[in-house]
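**Q** Chains as they are written, first to last, in our numbering: chain B, 1 to 277; chain P, 278 to 754.
Because the hints were derived from the structure by calculation, they are not lab data.
Positions of the beta carbon are idealized from the N, C-alpha and C atoms, including for glycine.
Among the hints, erroneous ones may be present.
[What the hints assert, rightly or not] DEER-style ranges, computed between Cβ atoms:
hint, chain 1, residue 1, chain 2, residue 2, range
1, P, 698, B, 200, 33 to 43 Å
2, P, 491, B, 41, 25 to 35 Å
3, P, 314, B, 41, 39 to 49 Å
4, B, 162, P, 529, 32 to 42 Å
5, B, 189, P, 564, 22 to 32 Å
6, P, 701, B, 230, 45 to 55 Å
7, B, 174, P, 529, 35 to 45 Å
8, P, 564, B, 255, 17 to 27 Å
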Amino acid sequence: MHPVVSNTKLSPNVVRLVVEARRVAEIRRPGQFVIVRMAPGAERIPLTIADADREAGTIALVIQAVGRSTTELCALRPGDSVRDIAGPLGRPTELIASGRAVCVGGGVGTAVVHPIAQALHRAGVEVTSIIGGRSREWVIYERELAEHGEVIVCTDDGSYGRPGFVTEALRDVLAAGTIDAVYAVGPVPMMQAVVAMTRPLGVHTIVSLNPIMVDGTGMCGGCRVTVGGEPRYACVDGPEFDGHLVDFDELRDRLTTYRDFERAALERLDHDCKLGS
Amino acid sequence: MSEPRPLTPKERMAIERQRMPEQDPSARRANFEEVNLGYPERLAMLEAERCLRCKTAKCVEGCPVAVDIPLFVRHLAEGNLPAAASVLLRDNALPAVTGRVCPQETQCEAVCIRANRGTPVAIGYLERYVADWARTHEEGVTYEPAPPSGKRVAVIGSGPGGLTAAGELSQLGHDVTIYEAFHAPGGVLVYGIPEFRLPKEIVHQEVERLVRRGVRIEYNAVIGKSYTLVELRRMYDAVFVAVGAGLPVFMSVPGENLKGVYSANEYLTRVNLMGAWAESSRTPVLRARRVAVVGGGNVAMDSVRTAKRLGAEDAVIVYRRSLKEMPARVEEVHHAEEEGIRFEFLVAPVEVVGDERGWVSGLRCVRMELGEPDASGRRRPVAIEGSEFLIPCEAVVVAIGTKANPLLTSTSPDLRLNRWGYIEVDSNGMTSMPGVFAGGDIVRGAATVILAMGDGKAAARAIDAYLAGKPSLPVVP
Ligand SMILES: Cc1cc2nc3c(=O)[nH]c(=O)nc-3n(C[C@H](O)[C@H](O)[C@H](O)COP(=O)(O)OP(=O)(O)OC[C@H]3O[C@@H](n4cnc5c(N)ncnc54)[C@H](O)[C@@H]3O)c2cc1C
Ligand code: FES
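Here chain P stands alone, though its shape is the one from the complex:
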């Protein structure tokens, strides 16, 4: 277990990065169980010893919620899991989630000093290890909330942004109620990200912890319909809006309304939230023999790997740029390849083709080549004339992005939006409505779990400061 004497830096440098044990590709492509199995204790302890314990740790700056990484890793290396977990949970309300879905390779691990020579410390895997320990050992984790402030705060949306803000606000002594449109909490964590990457049980446990700590959740509350934002503002001392982006974008090509064309949101919601991955599910999803997924991000990757698990013989990614430009996480692309996912790079759909009964029978595409860089700095794909070809398939999943959902914002006339419909906030995360704060995807556009969490945390602090010195509203029945 823990070493009698600390290792020397040289000894630490000699340890190689420990591999994450994974479910075998041939088995996992037919089930929805988690792909990454998590470090066993021995590997976690060994990996923790690789941390050089830098005085000014770059990794902390690389983390959007500034987890004290060297400290929790050190506690772990010393075998003190309660201390490691307490440090981690103090800064990160959902570590078992972020330990699984954060793009560490572009954040904390990208700036790890060890990345300069060799491979970075596997911070994400260690985070997951400690968080999973904490899930089963809550008694060991210290939690010291502030005394009740008498202030009431409403949080709209129970995705990572809303959950983080709720946790933080309740720790600061405020009385928090979350309003969630769906019948279950978690936002994209439950309806978008599949079971094989993030078991729903983990999200439920993290939410349960918040509920035990006093956060209330009102389900089936669609703000903009059940209540307007203005009404909630009147009922609460402050409001945090984290409703995500939501609205799916379609391709605007002919044939998109044929039976068998899904938005990724619909496809994944049916499978994940509504449980259609199980044969016995009451909510249907088409289990097509050949599925084409359009797009190159995490959402596309999740959709195509889901299609494979639902029994598709051919599950293919159709992406208009090349592998290099794909926004999906490296680990996911790698996992997808191992699972037998096919990739059509530099290809753009021009039409969904149907049979005489209105079912999808193929995706007509053109080949592209990369031209001049566009506004995003990526080279713009241009169609090659005469290169049309058909990808035969019975289902098409469109995963080319999302837009801002106007359901809440269109009923809040005083809420200032940018020209894409996302909510504008000041440096404190406050919107143009005093006392109403916002964060996550509805402010940033489709971003990441950890950025939404960072917004939730920052907004909670700003709300706390805003509420300090303000008289509480009388409680409305």
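Looking at chain B on its own, in the form it has when it is part of the complex:
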């Protein structure tokens, strides 16, 4: 059992959930994730570790309510608890040791780039973070990232920071000087756009993939992605890969496998809530 310590709303459908997980907090490294099962009968869902506090023995998970399971997780309050947390899983981020890096975050991916920016900064790398959201209220982790370097905020509607997509800001940063690595975490189309921009420039780009997972230990193969023409398991070989080698179209398509099922589950949840209220 993992008691919930706090639940903070970051944007209209994103919360930051801090839960006790002593061992994970102690040994996790940037880029790693956990598999969470909220209660008996619940799904196993992979969530990247956004932050950890060793002393307190807690980890922070940033969760976007997209399906029924994530909606339920987002509703947890201090005093509730999470049944199962397995991890830390996956390979830690491959960090460059010096030079300049750009961290690009979109949506909840912004929370995932945070530990990467933090580690790069600690290693002495100069970090620029480019983060985005639909509008001002969707921008998360700006303050946290600002502790590790310059932050460029972009909003689609121009209500805050620079108007436009993160890729446009990235183009300017890439044009302004030498960049040794780009770390991009966010929706598949965003990562795909980032990679399309860095590929012709030959800038090393690392992306964090989020395929459907079950066990997270290499046992089921459900998380397979094609990287450099080869099948790789995101849970053990990743979740981060060389973005220039990833088959994003395939990933995007595979992610829709259970879309109908998820829609029905959400409708059921909605129905149950209405009955309950």
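On the provided structure of chain B, position chain P with the ligands as indicated by the hints.
**A** Just chain P with the ligands, lined up with the frame of chain B:
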């Protein structure tokens, strides 16, 4: 009940093997309830009388954990179930499991003297009967553990290998903690073998018994990640590794990443461990109208029968050799046939075909013929030119085997592996790391429940001997 005078051998020989009552095929193909219903008392007693009580019983040698079969069967025939159960449980930690899933036809029953003339004693069915009695009558079963040794042992993996070792070690007086990657115990017994062959409740009860006897289980502990083997070795006086084989093998044909292609591991885990067999499940699984399952072993058979139960109109086995070479148990193939499973023998897939939206729409195959025997002694299938054809289907389940999962071994540099990545052990089951033992599928490659249990039992004895005379480690908080 028990006869006033023992039967003569001739009288015993006159009794025919009793049939296992089964759920009707037309009903069971639509539900996940157990297919075999178990002997009622009368049939069990009658079947037990068929045992000739050989002085040197071949069946015991045929059993990888050397259950004293004639003795438990005799107690059963005499109506003394507590005695029968005590004998069985002394040698076999999970008899309600093995009584259901062991390939008795190639082990104890294959060497039963009665198999020479007619049919062997139905040892597996009797084992199941006695084990099921013991599940509900624990008070009648004697258990005498050794006094606490003060030694602590870690067991990695809670499949049949790990559970058996844990049970045995705790009976020998050691303090045992199991580390399990999943949120539930049982290994393949819960995530692989379906409910209709092995109800999960039975596995849970067997695990509960171990827990009551003092075995601790740490769930969600992925060794190689949460802790390394080296760390655990430092924390414990000895370690037993039984993490199973794990890694699925795919076909390496085009189209394998289309939506609707599953490894058997994923398909069965979703349905069994995550409960997707129930419509109300929170974990999804595709309920396709037509499902092709590639492979010919137990795993393929379990997958295809699962597909049928999930509502497939057409559930077909695609196997590149013929019925004769199929590694699946005879009983399972027979059950599958009764349930309306279709078989495409001597057929190999060459491509998974998809529609314009990325969903599986068929499996393109070629017909094969059997050529010269290969290294395994089985005749090697060769493709017949121009024989391509399409099996229309909306899901494909790949059940062509597993490989060693490197998650634990890759973080244990001192652990010697063979060239396929399986762990090497000496005749005592000890690995190249002193005090670290291993067994089950991660040593043998995909094998059987009972062989994993045999390894667990042997390793427990070897660990006990290894620990004798060694000072205990201080307890690490
Ligand atoms: C679908 C299917 C049907 C089968 N049918 C039969 C049958 O009818 N009869 C038969 O005899 N055999 C059958 N088998 C084979 C049999 O199940 C296996 O041989 C047996 O389970 C092996 O036991 P094990 O203890 O070595 O490993 P497993 O049962 O594989 O258990 C390993 C356990 O270790 C855990 N684990 C793995 N990695 C780690 C890690 N790094 N850290 C912590 N824990 C870890 C796993 O989660 C699992 O719980 C079947 C197999 C399958 C897949
Ligand atoms: S999630 Fe099962 S292999 Fe990666």
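**Q** Does the Cβ-Cβ separation between residue 162/B and residue 529/P fall within 32 to 42 Å?
**A** Check failed, 46 Å falls outside 32 to 42 Å.
**Q** So the hint says 45 to 55 Å: do the beta-carbon atoms of residue 701/P and residue 230/B match that?
**A** Between residue 701/P and residue 230/B, where Cβ atoms are some 28 Å apart, the hint is violated.
**Q** Should the hint that residue 314/P and residue 41/B are 39 to 49 Å apart at their CB atoms be regarded as holding?
**A** Since the Cβ atoms of residue 314/P and residue 41/B sit about 28 Å apart, the hinted range of 39 to 49 Å is violated.
**Q** Do residue 174/B and residue 529/P keep their Cβ atoms within the hinted range of 35 to 45 Å?
**A** holds (38 Å)
**Q** Given the hint of 33 to 43 Å, check if residue 698/P and residue 200/B actually sit that far apart at their C-beta atoms.
**A** holds (39 Å)
**Q** Could you check the hint for me, namely that residue 564/P and residue 255/B are 17 to 27 Å apart, CB to CB?
**A** holds (20 Å)
**Q** Cβ-Cβ distance between residue 189/B and residue 564/P: within 22 to 32 Å?
**A** Holds: the Cβ-Cβ distance is about 30 Å, inside 22 to 32 Å.
**Q** Using the beta carbons of residue 491/P and residue 41/B, state whether their distance is inside 25 to 35 Å or not.
**A** holds (28 Å)
Going through the hint list in order, the structure does not satisfy hints 3, 4, 6.
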